[in-house]
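This is what each chain is made of:
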Amino acid sequence: AQSVTQPDIHITVSEGASLELRCNYSYGATPYLFWYVQSPGQGLQLLLKYFSGDTLVQGIKGFEAEFKRSQSSFNLRKPSVHWSDAAEYFCAVGAPYNNNDMRFGAGTRLTVKP
Amino acid sequence: EPEVTQTPSHQVTQMGQEVILRCVPISNHLYFYWYRQILGQKVEFLVSFYNNEISEKSEIFDDQFSVERPDGSNFTLKIRSTKLEDSAMYFCASKLRGGDEQYFGPGTRLTVT
Numbered sequence: 003a004q005s006v007t008q009p010d011i012h013i014t015v016s017e018g019a020s021l022e023l024r025c026n027y028s029y030g031a032t033p034y035l036f037w038y039v040q041s042p043g044q045g046l047q048l049l050l051k052y053f054s055g056d057t058l059v060q061g062i063k064g065f066e067a068e069f070k071r072s073q074s075s076f077n078l079r080k081p082s083v084h085w086s087d088a089a090e091y092f093c094a095v096g097a098p099y100n101n102n103d104m105r106f107g108a109g110t111r112l113t114v115k116p
Numbered sequence: 006e007p008e009v010t011q012t013p014s015h016q017v018t019q020m021g022q023e024v025i026l027r028c029v030p031i032s033n034h035l036y037f038y039w040y041r042q043i044l045g046q047k048v049e050f051l052v053s054f055y056n057n058e059i060s061e062k063s064e065i066f067d068d069q070f071s072v073e074r075p076d077g078s079n080f081t082l083k084i085r086s087t088k089l090e091d092s093a094m095y096f097c098a099s100k101l102r103g104g105d106e107q108y109f110g111p112g113t114r115l116t117v118t
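Chains as they are written, first to last, in the numbering used here: chain H, 3 to 116; chain F, 6 to 118.
Because the hints were derived from the structure by calculation, they are not lab data. In this text the structure is predicted, and so the values were computed from the model without any measurement. Even glycine gets a Cβ: it sits at the ideal position worked out from N, Cα and C. Do not take every clue at face value.
With the C-beta cut set under 10 Å, the calculated list includes, among others, these residues of chain F facing chain H [what the hints assert, rightly or not]:
1. 105
2. 107
3. 108
Input sequences plus hints: build the corresponding full structure.
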């Protein structure tokens, strides 16, 4: 069964510092991979996705993620964090070709210090 | 840009009452989904729906839940007899046939008292 692990429940970084949020997945093949962001009381906004091809994907708001098959990882990065990036971040996997039941990780809450 | 909409944004109901959460998927999408997020927890898959029938459902989606596409635009989730533990944010999503990405609505916050 597919599953997603986000090892870090809560991360605090200073504004302007770099960020990396970890995501590991368990799946029999290469799944579709996603990162979503959720601000308090808001819905889910897609940051980026990986289906195939170039393993480094660029997303919105200056985020990028790298798919590493050997490590079953899809870590999210940003070179310089802004205060507005404070939110909950969810990694998700979906079955390739139909993506019919997405599985989400438990989320990582990002706090940004001034 | 077309988007998934959900109504109401917040619903308060008493334990044991029936609730219907409404979603309007993107108009040319054919796959529809419901997810649940209990406060402070992860988003959990409930059910997927295609061609007027359930295609997959999770263990959470028991007999008290049902889904329906009553007309050409709405997609509903009914909870027959709500329990306190049904309090959560419920997200609807839709996808194109042959598409790869699910598009999420803003969610309905359900509070059961």
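Each hint tested on the structure:
Residue-level restraint check for residue 105 (chain F) holds (minimum Cβ-Cβ distance to chain H is 6 Å; threshold 10 Å). Given the 10 Å rule on beta carbons, the hint for residue 107 (chain F) holds: about 6 Å separates it from the nearest Cβ of chain H. Checking residue 108 (chain F) against chain H by beta carbon gives a least distance of about 8 Å; that is within 10 Å, so the hint holds.
Hint compliance for this structure: no hint is broken.
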